[in-house]
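*Asks:* Each residue of the sequence shown is one higher than the one before, counting from 1 in the UniProt record's numbering.
Don't read these hints as lab results, they were simulated from the structure.
One or more hints might be untrue.
As the list claims (entries may be wrong) - Distance ranges between label pairs, derived from CB positions:
id, residue 1, residue 2, range
1, Arg80, Thr4, 24 to 34 Å
2, Ser131, Pro110, 19 to 29 Å
3, Leu25, Val144, 11 to 21 Å
Beta carbons are placed, not taken as given, at the ideal position from N, Cα and C, and that holds for glycine.
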Amino acid sequence: MATTTSRLDYAGFRRLAPEADRALLAISAATKQSALGAELIQLVKVRASLVNRCSFCLAMHRREARRLGISGERLEALARWRESPCFTPPERAALAWTDALTQLADGGVPDEVYREVSSAFSDADLAALTSVVATINAWNRIAVAYRFPAAPDAEGGE
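Make the full structure from the sequences, and use the hints.
*Replies:* Shown next, in the form of structure tokens:
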């Protein structure tokens, strides 16, 4: 049976790798300056965290999404977003892009997904979206590797 004992918490990671922590936080701060909007960024972060099964990031970004006013219905629908009417066409394109970039081992990024997302977003916003997905995937991998505890009031990461 696998254990779920934490190997390191976020504060410990921050102490051991302060430059990496600052760099990832800087990328996240830069993407907030884009026209993507805070709600879309949180939807993407929750979706990637669901796919990667990162309970730490999932708890953090669900909390932030609720703070922004994203409904529980939309948050729950992220697990099955393709079948849900809860998302706009640009959100659907962003979620498809998120899935493709998060699951690269499944065959890379399909041209159809790229065409859809590049028609929904400007080049600059697509670059920002790609950075959001890359950054949350980095945080997911760090948090899953160290089994960061998913305390409801946990602070840290992006």
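*Asks:* Hints broken by the structure, by number, lowest first?
*Replies:* none
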